[in-house]
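Student: Work out the full structure, taking the sequences as your base and the hints as a guide.
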Amino acid sequence: EDQVTQSPEALRLQEGESSSLNCSYTVSGLRGLFWYRQDPGKGPEFLFTLYSAGEEKEKERLKATLTKKESFLHITAPKPEDSATYLCAVRSSNTGNQFYFGTGTSLTVIP
Amino acid sequence: GAVVSQHPSRVICKSGTSVKIECRSLDFQATTMFWYRQFPKKSLMLMATSNEGSKATYEQGVEKDKFLINHASLTLSTLTVTSAHPEDSSFYICSARGFGVGGSTSTDTQYFGPGTRLTVL
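First to last, the protein sequences are chains A and B. Counting from 1, position 101 in the first sequence corresponds to residue 101 in the numbering used here; the numbering is continuous, with no gaps. Count along the second sequence starting at 1, add 1000, and that's the number in the numbering used here.
The hints are simulated quantities; they were obtained by calculation from the structure and are not laboratory data. Don't take every hint at face value.
[What the hints assert, rightly or not] Computed list of lysine-lysine pairs in DSSO-like fashion (alpha-carbon distance at most 30 Å, straight line):
hint : chain 1 : residue 1 : chain 2 : residue 2
1    : B       : LYS1041   : A       : LYS79
2    : A       : LYS68     : B       : LYS1042
3    : B       : LYS1042   : B       : LYS1064
4    : A       : LYS79     : B       : LYS1064
[Claimed, not checked] Stretch by stretch, here's where chain A covers chain B in the computed footprint (C-beta under 8 Å, at least three residues):
hint : stretch
5    : 1044-1050
6    : 1110-1118
For clarity, every value in this text was computed on a predicted model and none was experimentally measured. Every residue gets a Cβ at the ideal spot worked out from N, C-alpha and C, and that includes glycine.
Tutor: Following this line, the structure appears as structure tokens:
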């Protein structure tokens, strides 16, 4: 059975304090791992898609990496506006077109 | 590119009435649209998947007669909550995947709408 686990559940950082969020997955035939950012009361905003181990994507202060078992979302020198819930999702040969979402990491960056 | 809109953003209705929520892909053609429900501080729960011109596929436990989904065109899907009850109050979010996103033919990524907050009194 496909599983996606995100950790930590919640993370509080001081502004400028870099850290990483984890998304561990167990799927049959990964067909894509996706990172989203969700602000309260809004729909998820697409950040990155990763397909194969070793792949990396960057956008401003965010960098996503992928191994065969997990993905990391690295946040470098975060700012308060980076506060949000970060969701990862996987698409596998079992899920077809559907995504299987993790429960998210709630990030708070304190000025 | 890859903009998905939802309307309305908020709706309050009386118990027993029906509510229709629209989901539109504004700058690409959505071959597949998804409807999710999200409870406070919880992740997204997939309700159904719809392909343009076909009947929606509902997830286990989702009543298809209560949550009517129509995907009549490549840019529009609608979710109608029939005979709404207070327990149907939730945040409903649609997403779309398709082709023509930003000039590319990427079909893997789901792009989400801003969500609709439904409150049933």
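Student: Could you run down the list of hints and mark each one as holding or not?
Tutor: We went through each hint and held it up to the structure:
Between LYS1041(B) and LYS79(A) the CA atoms are separated by roughly 22 Å; this keeps the pair inside 30 Å, and the hint holds. Proximity of LYS68(A) to LYS1042(B) is assessed by CA-CA distance (about 26 Å); at most 30 Å being required, the pair is judged to hold. Restraint check for LYS1042(B) and LYS1064(B): satisfied, since their Cα atoms lie roughly 23 Å apart, inside the 30 Å limit. Proximity of LYS79(A) to LYS1064(B) is assessed by CA-CA distance (about 43 Å); at most 30 Å being required, the pair is judged violated.
Coverage of the stretch 1044-1050 of chain B by chain A holds. Counting CB-CB distances below 8 Å, 3 residues qualify, and the rule asks for three or more. Coverage of the stretch 1110-1118 of chain B by chain A holds. Counting CB-CB distances below 8 Å, 7 residues qualify, and the rule asks for three or more.
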